[in-house]
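As a plain string of letters, each chain reads:
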Amino acid sequence: MKGVSKIYRTDLIETHALRDFSVEINDGDFVAVTGPSGSGKTTLLNIAGLLESFNGGVYELDGVDMFGLNDDDSSEIRNEQIGFIFQSFNLMPDLNLFENVEVPLHYRGFKAAERKRRIEESLERVGLSGRMRHLPSQLSGGQQQRVAIARALAGTPKLLLADEPTGNLDSLMARQVLDLLDDINRAGTTIVMVTHDEELARRAKRNVHVLDGKVDDGTAYQAQQREHPVEVIA
Amino acid sequence: MFSDSKISYDFQLALNSIKKTPVLSALMVAAVGIGIGACMTIITIYYLMSTDPNPDNSEQLYTYGLDNHLTVTEGQEDGRPRLMSTYRDALYILQSDIPTEQSVHYQTWAVYRNVEDGVNPFWNLFRLATPGFFSLFDVPFLYGEAWSQEQEDSKAMVIVLTREINDSLFGGENSVGKKIEVGDNFYEIIGVMDSFEPQPKYFEFDNGFFSDIRGALVPFSLTPVLELMKNSGGSSCVAIPEGDDFQSYLDAECHWLHHWVRLPTEEKREAFSEMLDNYSLEQRRFGRFQGPFNNRLFSLMEWLEYLEIVDGTMIMLIGVAMMFLIVCLLNTNALLFAKFTGRSAEVSLKRALGCSKKRLFRQHLLEISLVGLVGGALGLLLALVGLAGIKAMMTDFDSLAHLNTDLVIIAIAASIISTLIAGLFPAWRTCQIAPAKYLKSQ
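So the protein sequences, as listed, match chains A and B.
Under the numbering used here, think of the first position of the first sequence as 1, with each following residue one higher.
Under the numbering used here, think of the first position of the second sequence as 235, with each following residue one higher.
Isolated chain B (complex conformation) (with noise of 0.2 Å):
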């Protein structure tokens, strides 16, 4: 067996090699660090782009899509459904008890004021979202709770800040209780979220999938009383409204309220299923509705899928990067032939001394694995510049650029595999050197 002191030594030794000769080694490691961080950079992007975000409930989760269009060539060109709703088909699905929890929301902007001790205004994002969406998406709380159905209900001037909110006007403290005015009017705060940061931001595209979840959130309700506009995030209206004032905007066939409802069994779903058509044919008879019938309810993984989040680009993207790391191996691979070429008049007299060719092969791989490991590190600080790049050159993707700790194992893991698979073959072809080769000519 392999004892831990042949273990120790054979690590010094692989050290000391790679000490021994510090430009091939810096090479080797440079090679291996460059194509891991590449590589790792969109693989981390595709990991966070296809990761199921809330595996706990995304079985349930549902969305749903309806066609309001007036007439019949209106219908969208390629035969998909608004992935919207508007206020009026919200409002009466809200009522629906066939889900057992829903979520209605939408945001706007606002300047925060704190009451109490006048830090300066500032705007941010502000949502409008019945209550269940805190338990439809599993929000966290640090502080305080959710609004309650009935405070939706009576229209509550309840507020529950995000954590980035309470920090900046609260320094971070329970501000439960406390006075908040948003946009001319005064909140209580009733909870504060822990940090949220759903990848993808599933529940919306508003700003797109990967922006952080910012501003604070009053009830859905409040929407007609303080007449609040969407205005972050797209609509999309197949008629022009007919009044200028608030309600004519709430009644307007636009889509802008994103809706989700928790189904949590098949028969639900399908009675939501029927619900949503017999809705659908009850608003043609009124002359709404008269596009394609495409209704459609989309699970979370089916919305993100139907949503082409993870393109064709992404997938060449990583197809460009793999052979990226490909051609650094195959340069690591030249490195390590040349390294261990150099050493045969050693690995001669090693032979000669009585080390097998098994343990001299794992003395190598060993030596190759720290390479790799090295590499691997390397790759990772290199991914994490290359996400730093890749924030700072688009906007909406703040929760991509950074590596969680699956990210790290994996490119550790890739780094040590895919040095030892480039460097199996010097290995080996080392390892046969007849120990009686070099000893005379050393």
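Here chain A stands alone, though its shape is the one from the complex (with noise of 0.2 Å):
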């Protein structure tokens, strides 16, 4: 992302959400997205997942200019790049858990072995490979955020964006949760998680401090950078 910005209009008020934000994101990254309420770390996850558009700037995404795209491409890029995994879950509560991983894939229009097999493989990887005709409400909320990376997971995304993925569970749960997403990340999924809490940002291999919809350049890229050595353009 290099100069993105993001307006939201009223007739009487107008809201800079992101401001001339950029920050570049490596392929195996495992960036934790901090800051307060209000900052604009949520616009950054939709702009970033095609859930929102951007009004200037420039988003590649592999490569390939995401600007204006029509609703068919940003889809077809969420459905086949990207994973989502939210706060809430989201998940739908009557369908069971193999038809809650299977949504993305009908979507994607593979076959129904094709489905089965990537069903059953992310559900494994997240072991809740037992409980595939169980409904969400049957699950703990911990069990409910692996079905979530399980249906992320299953198209083979590029990219994993996560919305305060522990923000509902106990710190047990949370653990278990990182854990995956750090076995995940380690696999070579690139991940963006945003997150209040500074013990999970620190599990990530770097930080970016969002501040008024800009990079914060006092804490950004300091001591999390581990791995990867990352640039922002701000």
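In case anyone wonders, no lab produced these hints; they're calculated from the structure.
Pairwise CB distance ranges, derived in the manner of DEER restraints:
hint	chain 1	residue 1	chain 2	residue 2	range
1	B	Leu249	A	Gly188	37 to 43 Å
2	B	Lys240	A	Pro36	39 to 45 Å
3	A	Ala113	B	Ala626	55 to 61 Å
Listed below are several chain B residues computed to face chain A (Cβ distance under 10 Å; list not exhaustive):
hint	residue
4	Lys240
5	Tyr243
6	Ala579
7	Cys589
8	Arg593
Derived lysine-lysine pairs resembling DSS-like cross-links, with alpha carbons at most 30 Å apart:
hint	chain 1	residue 1	chain 2	residue 2
9	A	Lys111	B	Lys254
10	A	Lys158	B	Lys592
11	A	Lys205	B	Lys674
The structure displayed is predicted, hence computed values, not measured ones.
Beta carbons: idealized from backbone N, C-alpha and C, even for Gly.
With the hints as a guide, dock the two chains, each given alone in a separate frame, to form the complex.
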């Protein structure tokens, strides 16, 4: 992302959620986006996940410009290249685990056998292969979040976006989910995680601190840089 | 492209969605069903009233109206000619060789008995007709055939049964060659008609245009022999018969016969019209036809229009039914809004998971179509109930109270299309939900 801006307009007010926001995230990164409420973290994640458009600047995903994509194209990219994990899990309550994980695979147009293989594999990976026919309401919060992770992983995305993935979980479950995210990252998937939790942020390879819609230079690229040095163009 | 698996998945989603909100779905189906049911009840009647009952022949079939008033002042106030023929005029016109076929017919009542097995005698309609009746009106035969012109001319005691009579007297078996007693006379059965239900029953208006064709038919030439007066349907006289005997009845200036002719070419039509006019002018010289010169030749469809089978009340009823359907669809529209608004979070999630607006819109339209389909089926059931109600309340509507394939297709298509129209905006609105909007708040 380079110089990305996002403005929310109403009749009376113009709110700058992101101002000239720049960050480069490399393949295999595990980036924690931190910052106070209202600083623009979720807006950043939404733009990165093509859930929202942006007003200016450049956002390239895997070398492709994401500005002004039509709905069909952005939906396809979301489906094929991006996985989402939300704070509130966002599972469909009337579908069982198998069917929940199956939803994005249907949009991808995979045949039944391929869908089944991917679902079983991803549920296996999050340790829930024995509960495929359970409904989300029969699971604990941590298990539900693992289903959401399985759903995000089933499409083998390049980029996994997580918005407060442990926000609704107790510390034990949170640790399990984070361990899982660590594993996924080690297997090569790039992860961008928004979090309030400093301890969680420390487990990422690097942190990006957002303040008032911009990268806060004072804290960015600091101690947590462990393996992948990154540049920020700000 | 939209592959089969996508369609079946979207169909499954639509079914799940309908099941998930059973009360709302039932309300929508009920709203659509009631609206379609009311509309289809009225439209069925209109359709059957206004459809060409004999499309293969209707352009060649004609009937006529003559005005035989005896004085100038007696002419019909509305200038309409008499719509049936007198016995005397019918006999004259029957001799004309301009029409290629002719049917003169009327109805009476008679007691039927099966000579052989003594089934209880019963009353039923009894028609006297020239053999042209069967060919002009395309009467289908189950067994045997109609009588010939020779049999007509020789006043043969032969009879053609309707299927209904053959069923009740002979259990549906081939009764050709058997004897039957009708009104104290014995006839040889030479034919059994198959089901024959033209709608409307255009060739006569006795007992209404939508009553079943019942009873049996015998040669018209037997009228003076058996002295069978018309006692089913209407007659109108412009003068009191001179005597009490049957010949006076036949000679009277009374209209009671239906007379149809086949005029296959324009030349024939002109010649027949001219013949009617000449006949009318000639009769004036004998003191008849003194009223307005009111001869008219009607084609089948002109005749139905002239008789105003489809009157203004029917058009008004259609309007009312349509407005009722619109009210029902507005209700459906509101219900769909309520239903779709309730799934904003789900829509948001699906969008985030990669479902495009187009696909989501198609999913919603499929769901709406399913509601329309089930609503249409319910509407058909309600239309059947409505038609049965009309049949029970009104006489002579036997043949109107049923739906044919065309009407079933119209009902289902109308239901799906109108429900889609009602649901188009709610579906479109729902698909405009930004994918990020409800993900955090769920």
